[in-house]
Structures are given as C-alpha cells and as structure tokens.
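Novice: Given next are the chains, with one letter for each unit.
2 protein chains.
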Amino acid sequence: MDSKNKSLSKNQQIVLDFIQRNKKPVKAYSILSSVQKKGINAPPQVYRALDKLIEKGKVHKVESQNSFVACKILNCETRHATIFSICYKCDSASEINDTKLFNYLSEFKDSGGAKFDGYNLEFFGTCNSCKKN
Amino acid sequence: MDSKNKSLSKNQQIVLDFIQRNKKPVKAYSILSSVQKKGINAPPQVYRALDKLIEKGKVHKVESQNSFVACKILNCETRHATIFSICYKCDSASEINDTKLFNYLSEFKDSGGAKFDGYNLEFFGTCNSCKKN
DNA sequence: AAAAATTATGTTATAATATAACACTACTAC
DNA sequence: GTAGTAGTGTTATATTATAACATAATTTTT
Numbered sequence: 000m001d002s003k004n005k006s007l008s009k010n011q012q013i014v015l016d017f018i019q020r021n022k023k024p025v026k027a028y029s030i031l032s033s034v035q036k037k038g039i040n041a042p043p044q045v046y047r048a049l050d051k052l053i054e055k056g057k058v059h060k061v062e063s064q065n066s067f068v069a070c071k072i073l074n075c076e077t078r079h080a081t082i083f084s085i086c087y088k089c090d091s092a093s094e095i096n097d098t099k100l101f102n103y104l105s106e107f108k109d110s111g112g113a114k115f116d117g118y119n120l121e122f123f124g125t126c127n128s129c130k131k132n
Numbered sequence: 000m001d002s003k004n005k006s007l008s009k010n011q012q013i014v015l016d017f018i019q020r021n022k023k024p025v026k027a028y029s030i031l032s033s034v035q036k037k038g039i040n041a042p043p044q045v046y047r048a049l050d051k052l053i054e055k056g057k058v059h060k061v062e063s064q065n066s067f068v069a070c071k072i073l074n075c076e077t078r079h080a081t082i083f084s085i086c087y088k089c090d091s092a093s094e095i096n097d098t099k100l101f102n103y104l105s106e107f108k109d110s111g112g113a114k115f116d117g118y119n120l121e122f123f124g125t126c127n128s129c130k131k132n
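Read top to bottom, the protein sequences are chains A and B. Counting from 1, position 128 in the first sequence corresponds to residue 127 in numbering that gives the first Met the number 0; the numbering is continuous, with no gaps. Counting from 1, position 104 in the second sequence corresponds to residue 103 in numbering that gives the first Met the number 0; the numbering is continuous, with no gaps.
Just to be clear, a hint being listed does not mean it is correct.
[Said to hold, decoys possible] Below are the EDC-like pairs computed for lysine to aspartate or glutamate, each with C-alpha atoms no more than 20 Å apart in a straight line: (1) B/Lys26 with A/Glu106; (2) A/Lys88 with B/Glu54; (3) A/Lys99 with B/Asp97; (4) A/Lys88 with B/Asp116; (5) A/Lys60 with B/Asp97; (6) A/Lys22 with B/Asp50; (7) A/Lys88 with B/Asp97; (8) B/Lys114 with A/Asp109; (9) B/Lys108 with A/Asp116; (10) B/Lys99 with A/Asp90; (11) B/Lys114 with A/Asp97; (12) A/Lys99 with B/Glu62; (13) B/Lys22 with A/Asp97; (14) B/Lys131 with A/Asp109; (15) B/Lys99 with A/Glu62; (16) A/Lys88 with B/Glu94; (17) A/Lys108 with B/Asp97; (18) B/Lys99 with A/Glu106.
[Unchecked claim] Covered by chain B, according to a simulated footprint, are these stretches of chain A (three or more residues, beta-carbon under 8 Å): (19) 7-14; (20) 79-90; (21) 115-122.
No wet-lab data here; the hints were simulated from the structure. Small disclaimer: the values here were computed from a predicted structure and weren't measured. All C-beta atoms in this analysis are idealised placements derived from N, C-alpha and C, irrespective of residue type, glycine included.
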C-alpha cells in the first residue's frame, strides 16, 4: 500500500485505486460497476468514499462533467483550489499546476477586499491529441 | 418586451423572465414548477430553453450547483468565460466582472502555448450578508 | 479495559438532474 | 412555395446523488 494512502479506509482505497488507473475522469456509476467484484454494491458506498477522498485531497470533482479524477500533485492538500483543462471533444481533463495562476487566484479579492476560501477553474479547449486528429 | 431579448422564443422568454426575477441561481425543476401556469409542462421544455439561453449568453450555469443564473453583464456574448463568487452558506452567486482577471484568463495558454476556447471559474467564500450573521 | 465518540460499512428506497425519441408546428430563406 | 431550420409538446427513461436506518470497526477518553 502506498504510504501516502495509509489513512484510507478499505472502500476509499478501492475507489481511489480505480480512479488512479484511469487517465480520464470517471463517473460515479462507472466506478460502481467496476468495483462490484470488490464488494462495493451500492451508490452510497461510492459517493461516501468519493466525499472522503475529495476531503483528503486525493480526488477532485470535475464539476462540469460530474466526474472524478485523481489528483496528480504530490501530497495535494488543496481540496478547494483546482485548475483543470478539459477537452470538449474527448472529455479528458488534466490538472494545471501553474504557480503564477495559482497564486493569482489565491490572492484574488472580492470587491470588499476579502479573499475567498477556494475556487474551481475549468478551461475548455481541444487537447493536443484531439488537435492532431 | 426588452429589445435585447427580441430574438427569444416564447418558452425562452418565459424561462428567462423567471430566472431574472430571482437574485439567486435557480434549479431547473424549480423553474419548471414556477412556469407551469404559463404552459410549460415538462423538463425538456425547460432544458431546451436553458440550452438556448446559455448559447445566447443570457444565462449561465453554475456548474457546482446545477443551477442557472441570469447574466447581468449588458449584451454579454461570453457564453464560455464566466467568473462567479459563490457563498457556501446561502448559495447565492454573483458574477465577477473584473477586467484584469478576465484578460488574464482569456490570455492564459496551456503548456503547448495554445489559448483555450473558454473557461468557468467559481470562487467559494462567505458573502457579505452571511458574514454579518 | 470499559465506555463513549467517531468513522465506516451495508442496504433499500427514493430524490434530483437531465436526455432520448417521436410527432408536430412555425418561421426563415431562397 | 417548398426546403431547411428552429421551436413546441409529450411520454418515457437515463443519469446523478442522497435519505434513512441498522450495524460494525476504530479511536479517544477516562
């Protein structure tokens, strides 16, 4: 077992393993049907695992797709500060790890001068592999 | 009828009127139940109107809430370049109209140097009225 | 180590969100 | 004036997510 996953429960680990095996974001019911052989039988088991994995920063939800993707940033703790680029042709999503943009958004203040607690940014475009085709 | 809404169909106008009357984002089925007296009876009628209103830039979808809000930016044509601040206590959402941030995101390039076609940014925090309470 | 509190699991049922498919109508545009 | 496009109405169904309840495992406190 991965040392950084030590604190995960059985179902959380099963769900995370599956998500990590996929390059693209996966849907909750796709997770469900893929882990039924491991003893996870019903939607609440998947959604509960997802909730905890998101809390722990292991997984992010791609809001515009209702899908879930593993965080590739080592020891990511930023539950609520995510930046994705999403291909509208093939639905692939990759996390953007751009320090300057990250800082810009983290420091951004509302009209009253107060910072926000978090953000979710999704860029839409054509991914490199779809551009070639 | 509002001149800038001239090209809207009957159902589109009914749905937009309802959304505009609400300060907060509204849910599709809440729209449905509110416009049944106007002759809209079924979900597809609402979702089709929403799709067109979004295309026309009159309405934006708040992805993290599955809700819909009227665009307050005059003659907004930016279907796919939205910035919201969302209160996680009361679920209110307001569109942020910050030219500098807008430009920053519009000019942002992926690792291959290509611009994106659009983006959706949602900031999360406590709105001013919830801060007071 | 026993009691209490927290976290996780398993299960059934159902709520909430969204679309497919089909028949028909209205409105452009040439 | 007919061909094409956009809009409407309807039924049924697909997809996404949670409520509610019973039980078990783990951790924390005493």
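Novice: The stretch 79-90 of chain A covered by chain B? Criterion: 3 or more residues, Cβ-Cβ distance below 8 Å.
Specialist: Result for this restraint: holds, n = 3.
Novice: Hint check: A/Lys99 vs B/Glu62, CA-CA at most 20 Å. Holds or violated?
Specialist: Violated, at about 25 Å.
Novice: Just to be careful, I want the Cα atoms of B/Lys99 and A/Glu106 compared with a cutoff of 20 Å; is the pair within it?
Specialist: Roughly 13 Å separates the two Cα atoms, so the pair holds.
Novice: Going straight from one Cα to the other, do B/Lys114 and A/Asp97 come out at no more than 20 Å?
Specialist: holds, 15 Å
Novice: For A/Lys88 and B/Glu54, compute the direct alpha-carbon distance and say whether it is at most 20 Å.
Specialist: Distance ~18 Å between A/Lys88 and B/Glu54 Cα, so the pair holds.
Novice: Do three or more residues of the stretch 7-14 of chain A come closer than 8 Å to chain B, measuring C-beta to C-beta?
Specialist: violated (count 0)
Novice: Compare the distance between the alpha carbons of B/Lys131 and A/Asp109 with 20 Å, and conclude whether the hinted pair is satisfied.
Specialist: holds, 16 Å
Novice: With the threshold set at 20 Å, check whether the alpha-carbon distance from B/Lys22 to A/Asp97 stays at or below it.
Specialist: Between B/Lys22 and A/Asp97 the Cα gap is close to 34 Å, so the pair fails against 20 Å, i.e. violated.
Novice: Within 20 Å, alpha carbon to alpha carbon, are A/Lys88 and B/Asp116?
Specialist: Holds, because 12 Å separates the two Cα atoms, which is no more than 20 Å.
Novice: Straight-line Cα separation of A/Lys60 and B/Asp97 no greater than 20 Å?
Specialist: Not OK: A/Lys60 and B/Asp97 at ~26 Å, beyond 20 Å, violated.
Novice: Check, residue by residue, whether the stretch 115-122 of chain A contains three or more positions whose beta-carbon lies closer than 8 Å to a beta-carbon of chain B, and give the verdict.
Specialist: holds (count 8)
Novice: Measure nothing beyond the straight line between the CA atoms of A/Lys22 and B/Asp50; if it is 20 Å or shorter, mark the hint as holding.
Specialist: violated, 29 Å
In summary, the numbered hints that this structure violates are 1, 5, 6, 7, 8, 9, 10, 12, 13, 15, 16 and 19.
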